[in-house]
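All chains should be built: construct the whole structure from the sequences, respecting the hints.
Chains as they are written, first to last, in the numbering used here: chain Y, 1 to 189; chain B, 1001 to 1128.
Hints may be right or wrong, so weigh each one.
Derived pair list, reagent style PhoX-like, types lysine-lysine, alpha-carbon separation capped at 20 angstroms [claimed, not checked]:
{"#": "1", "chain 1": "Y", "residue 1": "K41", "chain 2": "B", "residue 2": "K1125"}
{"#": "2", "chain 1": "Y", "residue 1": "K140", "chain 2": "Y", "residue 2": "K126"}
{"#": "3", "chain 1": "Y", "residue 1": "K50", "chain 2": "B", "residue 2": "K1125"}
No lab work stands behind these hints: they were computed from the structure.
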Amino acid sequence: MLARELFDIRLILRKQGIIFAYSGYVTEAVLSGVGEAIKQKLVIADADTKTLRGVFAVFVEQMQNMIRYSAEKAQSSPPLPSDAEALMEIRYGILTIGQENGDYVVHAGNLIQRSDVERLRERLSKIRDMNKEELRALRKERLRGGPEEGSKGAGLGLMEIARRASKPIEFDFTDVDDKHVFFALKASV
Amino acid sequence: MQSLSIPASIRTPAIDFDFGNSHFKLSGESYPEDVTEFYHPVFSALDTYLATLGPGSCRFDFELIYLNSSSAKAVMMLMDKLDAAAAKGATVDIYWFYDEKDDSMRELGEEFGEDLENAKFHLEKMPG
Chain Y
1 MLARELFDIR LILRKQGIIF AYSGYVTEAV LSGVGEAIKQ KLVIADADTK
51 TLRGVFAVFV EQMQNMIRYS AEKAQSSPPL PSDAEALMEI RYGILTIGQE
101 NGDYVVHAGN LIQRSDVERL RERLSKIRDM NKEELRALRK ERLRGGPEEG
151 SKGAGLGLME IARRASKPIE FDFTDVDDKH VFFALKASV
Chain B
1001 MQSLSIPASI RTPAIDFDFG NSHFKLSGES YPEDVTEFYH PVFSALDTYL
1051 ATLGPGSCRF DFELIYLNSS SAKAVMMLMD KLDAAAAKGA TVDIYWFYDE
1101 KDDSMRELGE EFGEDLENAK FHLEKMPG
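The following block contains the structure:
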């Protein structure tokens, strides 16, 4: 039973074309370790340099977004004082790398606050619908200007994902509970 | 000024600031855990040097394989400092070396180069 159950999980992933999957708390150490594996071609072996760097770049931005924004956080016990809690926040997410119709695809998913859905949807729709020139102009403007409201990374990460992607980015939301929505972002390289 | 030399790590670039020869270099990959913490001493060292440069000349080489979106902001700030020194009369040459196998780094270099008004910008393939 034990082997069968785990093997079934592996089969489900394989059927969806998934080569690599991580589900759990996302930290900078996880980013470093998995990032190294990607660079050493342990995750995707047959990609050319441009594709490999594109997958790597999308992976880094997806991970950093989850590390900063996932609404699902580790609970410490006993609870920490609020200033220490801000430093200790560890967040939960899922990230997969796979193949689909000849492209490599990076999926990332995490919980977000329901109140953030509309703002995120609006920001992503705008980026998705831009051509490369428009994206370039917006990125430049954001590099020069300050961060967007509610953003800790100047919104640049999402633009970098779109810039590296070979097709328009895709995103979706699904309800989890009163307060939370699961957010998924897909980029093909 | 004493040279500033920081070896590259997995997530941070090598810094070689040779103040004696007015030659600066940033090379490797940049996706630090904390961009502000990593670039703060780099900015301070460059600020101190540029404050006394006057009409002198200097050269800055960027030989980057990869930089994440928050590092791009730090690189833009370095370029702005160099461009400001050039506006005050210094001769500043900025070289952006790119790997020809990865056109997104060439494009990024072009974007930075477009914004320079006084420093001279050179876009070149990485040797080898």
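Going through the hints against the structure:
For the hint pairing K41(Y) with K1125(B), the CA-to-CA distance comes to about 24 angstroms; that exceeds 20 angstroms, so the pair is violated. Annotation: proposed proximity of K140(Y) to K126(Y) holds, straight-line Cα distance about 15 angstroms (limit 20 angstroms). Of the supplied pair hints, the one linking K50(Y) and K1125(B) holds, its CA atoms being roughly 15 angstroms apart against a limit of 20 angstroms.
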